[in-house]
Amino acid sequence: MVISANVLLTGSYDYNEVGKSVLIAIAASYAALDLAGRVTAASGRARAGWLSGGAIAMGIGIWAMQFKGMLAFRLPVPVEYHWPTVLASLLLAILASAVALYVVSRQKMGRVEVLIGSVIMGGGVAGMHYIGIAAMRLPAIPRFSPVLVTLSILLAIFFSLLALLMAFDLREETRWAVWRRLGSATVMGVAVSSMHYTGMAALSFMRAAPPNLLRAVRISPLFNDGVAIVTLIVLMAASVTSSVDRQASAEVQRLNQDLEGRVAERTLQLEAFNQALKNEIAERERAEAALRESEDRLRLVIDTIPQQIWSGAADGSLDFRNTRSRSYRGLTPEELQGGGWQSVLHPDDRERVLKAWHESVVNGTPYEQEERHRGADGRYRWFLSRGELLRDSEGHIVRWYGTSTDIEDRKEAEDRLRLVIDTTPAMLYSARPDGYIDFFTKRWLDYVGLPLDEVCGWRWTDSIHPEDAEDFVGKWRSSLATGEPFEAEGRVLRADGEYRRQLHRIVPLRDKAGNIVKWYGSSIDIEDRKRAEEALQEAQNNLARVTRAVAMGELAATIAHEVNQPLAAIVTNASFCLRELAGGAQKFEKLREAIAEIVNDGTRASAVISRIREQLVKGAPEDVELGVNGVIQDVTWLLRNELTRSRVSLRTELAADLPHVFGDRVQLQQVLINLVMNGIDAMRTVADRPRELLIKSAKHADGVLVQVQDSGRGFDPEQADRIFQPFFTTKAEGVGMGLSISRSIVESHGGRLWAESSAKGALFQFTLSAQNDGVS
Amino acid sequence: MTKGEPIIFVIDDDPSVRRAMKRLIESVGLRVELFGSTQEFLEAKRQGAPSCLILDIRLQGISGLDFQRELANTNIRIPIIFVTAHGDIPMTVRAMKAGAVEFLTKPFRDQDLLDAIQLALEKDRSRRRQEEKAAVLRERFESLTPREREVVNMVVCGMLNKQIAAKIGTAENTVKTHRSRAMDKMQAQSLADLVKMVERLQITVRKAS
Numbered sequence: 001m002v003i004s005a006n007v008l009l010t011g012s013y014d015y016n017e018v019g020k021s022v023l024i025a026i027a028a029s030y031a032a033l034d035l036a037g038r039v040t041a042a043s044g045r046a047r048a049g050w051l052s053g054g055a056i057a058m059g060i061g062i063w064a065m066q067f068k069g070m071l072a073f074r075l076p077v078p079v080e081y082h083w084p085t086v087l088a089s090l091l092l093a094i095l096a097s098a099v100a101l102y103v104v105s106r107q108k109m110g111r112v113e114v115l116i117g118s119v120i121m122g123g124g125v126a127g128m129h130y131i132g133i134a135a136m137r138l139p140a141i142p143r144f145s146p147v148l149v150t151l152s153i154l155l156a157i158f159f160s161l162l163a164l165l166m167a168f169d170l171r172e173e174t175r176w177a178v179w180r181r182l183g184s185a186t187v188m189g190v191a192v193s194s195m196h197y198t199g200m201a202a203l204s205f206m207r208a209a210p211p212n213l214l215r216a217v218r219i220s221p222l223f224n225d226g227v228a229i230v231t232l233i234v235l236m237a238a239s240v241t242s243s244v245d246r247q248a249s250a251e252v253q254r255l256n257q258d259l260e261g262r263v264a265e266r267t268l269q270l271e272a273f274n275q276a277l278k279n280e281i282a283e284r285e286r287a288e289a290a291l292r293e294s295e296d297r298l299r300l301v302i303d304t305i306p307q308q309i310w311s312g313a314a315d316g317s318l319d320f321r322n323t324r325s326r327s328y329r330g331l332t333p334e335e336l337q338g339g340g341w342q343s344v345l346h347p348d349d350r351e352r353v354l355k356a357w358h359e360s361v362v363n364g365t366p367y368e369q370e371e372r373h374r375g376a377d378g379r380y381r382w383f384l385s386r387g388e389l390l391r392d393s394e395g396h397i398v399r400w401y402g403t404s405t406d407i408e409d410r411k412e413a414e415d416r417l418r419l420v421i422d423t424t425p426a427m428l429y430s431a432r433p434d435g436y437i438d439f440f441t442k443r444w445l446d447y448v449g450l451p452l453d454e455v456c457g458w459r460w461t462d463s464i465h466p467e468d469a470e471d472f473v474g475k476w477r478s479s480l481a482t483g484e485p486f487e488a489e490g491r492v493l494r495a496d497g498e499y500r501r502q503l504h505r506i507v508p509l510r511d512k513a514g515n516i517v518k519w520y521g522s523s524i525d526i527e528d529r530k531r532a533e534e535a536l537q538e539a540q541n542n543l544a545r546v547t548r549a550v551a552m553g554e555l556a557a558t559i560a561h562e563v564n565q566p567l568a569a570i571v572t573n574a575s576f577c578l579r580e581l582a583g584g585a586q587k588f589e590k591l592r593e594a595i596a597e598i599v600n601d602g603t604r605a606s607a608v609i610s611r612i613r614e615q616l617v618k619g620a621p622e623d624v625e626l627g628v629n630g631v632i633q634d635v636t637w638l639l640r641n642e643l644t645r646s647r648v649s650l651r652t653e654l655a656a657d658l659p660h661v662f663g664d665r666v667q668l669q670q671v672l673i674n675l676v677m678n679g680i681d682a683m684r685t686v687a688d689r690p691r692e693l694l695i696k697s698a699k700h701a702d703g704v705l706v707q708v709q710d711s712g713r714g715f716d717p718e719q720a721d722r723i724f725q726p727f728f729t730t731k732a733e734g735v736g737m738g739l740s741i742s743r744s745i746v747e748s749h750g751g752r753l754w755a756e757s758s759a760k761g762a763l764f765q766f767t768l769s770a771q772n773d774g775v776s
Numbered sequence: 777m778t779k780g781e782p783i784i785f786v787i788d789d790d791p792s793v794r795r796a797m798k799r800l801i802e803s804v805g806l807r808v809e810l811f812g813s814t815q816e817f818l819e820a821k822r823q824g825a826p827s828c829l830i831l832d833i834r835l836q837g838i839s840g841l842d843f844q845r846e847l848a849n850t851n852i853r854i855p856i857i858f859v860t861a862h863g864d865i866p867m868t869v870r871a872m873k874a875g876a877v878e879f880l881t882k883p884f885r886d887q888d889l890l891d892a893i894q895l896a897l898e899k900d901r902s903r904r905r906q907e908e909k910a911a912v913l914r915e916r917f918e919s920l921t922p923r924e925r926e927v928v929n930m931v932v933c934g935m936l937n938k939q940i941a942a943k944i945g946t947a948e949n950t951v952k953t954h955r956s957r958a959m960d961k962m963q964a965q966s967l968a969d970l971v972k973m974v975e976r977l978q979i980t981v982r983k984a985s
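In the order they appear, the protein sequences are chains A and B. Take 1 as the starting number for the first sequence in our numbering and just add one per residue. Take 777 as the starting number for the second sequence in our numbering and just add one per residue.
There could be a bad hint or two in this list.
Cut-off 25 Å, straight-line C-alpha distance, at most; resulting in silico cross-link-like pairs (DSS-like, lysine-lysine) [as the list claims (entries may be wrong)]:
id : chain 1 : residue 1 : chain 2 : residue 2
1  : B       : Lys-899   : B       : Lys-821
2  : B       : Lys-821   : A       : Lys-590
3  : B       : Lys-943   : B       : Lys-972
4  : B       : Lys-821   : B       : Lys-798
5  : A       : Lys-587   : B       : Lys-798
6  : B       : Lys-909   : B       : Lys-943
What the hints contain is simulated information worked out from the structure, not anything from laboratory work.
Taking the hints into account, I'd like the entire structure generated from these sequences.
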């Protein structure tokens, strides 16, 4: 920069000084880069220390470089420096450095931040330069080349930007950091110097009046070198400190890394452990949730189950009841504590229940009782209470657990059933598969007047009549052996000492496999029925006899005729004999004839009377082998006069080869008499055709068929069955028993009696079984 | 025709009884004829001798009572003695009303039967005599002229001659002539005699018709 000699002061550069200033710039750059790393590495108060310390060192470095550069510019006039301004430029340098360090030491450096940072730093450096120039006191007026000033400011900002980027890039302490940093520092130092010297180039001095030298000092060469040295020392110190710090920091870092490695390892372990723990916790939580859920469910179950549930301590005091149990009683948990449950017991059950509970608690045996509990509504219901013991491994009772089941309905049904069982006029019992009778209803026990233990098992056989016992027990044993149902009659000794006939029936109950599980039996006192049956039989027999007598009464004329004929002959013959004898009795031959006839007629009369007597005399029915044709002949003989009198012609068609039947002759005669007499009666009004009666016998599948066909008016077919009902009659003077009795007689002979009606008349027919069965 | 030996007819279906009766009746010297049924009896020839019928009520095919009516209807007027082995009051009443001589129940006393036979025979004889007398009277009556019969009927009714003459429109003397001629023909001794005769005739006529 050569300035015109007239107006311009020509300055010259002391290149030694320039070199020094460039070195200082490089050193400051290095220190700045170094410190940027430190500031970045540090944190908290240390960071503030490093930032301020760094800013001071760097500011001093920049300032020293700039001051040195200014000093290197030699003017032909004495130059003094206004030292407060110099200090201000120093402060500005320090501030700009602080901003720069701050910017680069941040974790991130955005584009805007870099620009702002570089503008501030560049501005600061430029400001410092021009303030430094303003501190010059010399007899000249500085002039500035606007182009170069602008260029210098732009360069300052540009280099600041470069420096910031480099510093930011290099702040990490990597392996080649020192060399790279050194390179960068050199680039930066040169750059800063070039900016400085560009600024200096923009400056020219016009000769002017001497400056105000107030507070201006003269810079001596010593001071000049001193500033450089001090600056270098500061920078060195800063660098060394930084280096030591970095070393320490590196060591710390290494240790840290080591530690971190271990920490990481440990952390991994811990994490694994944590994970395991977490898993475990999660597992446990799940388990707990499940448990909670399970508990909730259990509680729900316990509270909603249609059961009353309770539990208590080993001493029998109850301390838990489920909701159902409490709500039934309508008592609070407190009221139910301990022995509170006893208050709801039915007074009638109280003593029994408490005794049983006490025994169970004392003896440690399970508890089971049926008891009535009073509900909240004040009504009692039956419950089946069951208690079980929980014991520890040594067998000590730990707790009681129990349920109370509402059995009111069952109890009611049971009572009803018991009532039915006890009032059923049948006596019931049950036996084990081996025949041991283990249950008799009260009715049976009352009947024999003995307690259960005197009849159970096989002891009941003592109550059977000795004559029946062997047969009865034998049959029972055979049923037990074969599994066949048992049915037998036997006389049983009643409590009052009377042997009465009973009908016993016992049937087996089998399981699915067909094994007999139990036998159930009933016995019915049939003594009265039997007697009634016998009486009925008797009455029927009597009635039959009476109807026979009635029939005989109807036949009275015939009977009288039958008897009186021979009597008339006898009497007449006897009278003749008497007359003959009175008259001297010459004609013995005639007398002999007459007397012989008397004997015959007497015999005849006797026969007639016996036959009629047969019909009238009461007698137990016989069961003998007889020919049906013979019976028919008996009857036709008996009725021949009746038939004659009624002008009925009788025809018989009797099969020759009939099997014999078993039965009672008189009863069968009675049936036939009845049918024939009915036929005769039916034909009384017949005038327009022959009165014919046909009696027919024939073979039949079962034995013998007998038919009685009349030519009467017949009967209404709708009454075909009614006519066999007792007291049904179509005759004005009929009793209505004839056919009813006839039918029962035929049926008792194992046969069948029925009637048909047609235009020809009525046909009555009956069968008789050829086998000897079904005879009363 | 009261001549000839009396004869007793017996109808009974019991041969033993028939034979005994025959023995008994013959022992008192009477003739007996036996029949087993009414049919046999009707078919047999009977003489005009006094007779009676011993009839059993219960017979094959027909009752004795019905046969009694049958006989009456066919104008066979033979006295009937009923015998029955079994009789009752309604039967007896019916038989007696229909003119039975006796109703005996078997066995009967021999004398009762023999008495009944005698009674019956006597009845038969008297009947036969009556019938003979009636026949004579009828002959005499039938010999009267219609006018004489007319007059006799009015006389018997108690009308005077004058009344009769007025009624038939003749003279009283003419009536007297008819009357005396009729009395002669009828061989009536008195008016009362005539009245009896006419009465008997009317009975007979009525019976015969």
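Results of checking the hints against the structure:
Restraint check: the Cα-Cα separation between Lys-899 (chain B) and Lys-821 (chain B) comes to about 21 Å, which is no more than 25 Å; the hinted pair holds. For the suggested pair Lys-821 (chain B) and Lys-590 (chain A), the alpha carbons sit about 28 Å apart, so the restraint of at most 25 Å is broken. Restraint check for Lys-943 (chain B) and Lys-972 (chain B): the C-alpha separation of about 24 Å stays at or below 25 Å, so the hint holds. Between Lys-821 (chain B) and Lys-798 (chain B) the CA atoms are separated by roughly 19 Å; this keeps the pair inside 25 Å, and the hint holds.
Distance hint between Lys-587 (chain A) and Lys-798 (chain B) is fulfilled; the C-alpha atoms sit about 15 Å from each other, no more than 25 Å. Pair hint Lys-909 (chain B) plus Lys-943 (chain B) does not hold up; C-alpha atoms about 32 Å apart against a cutoff of 25 Å.
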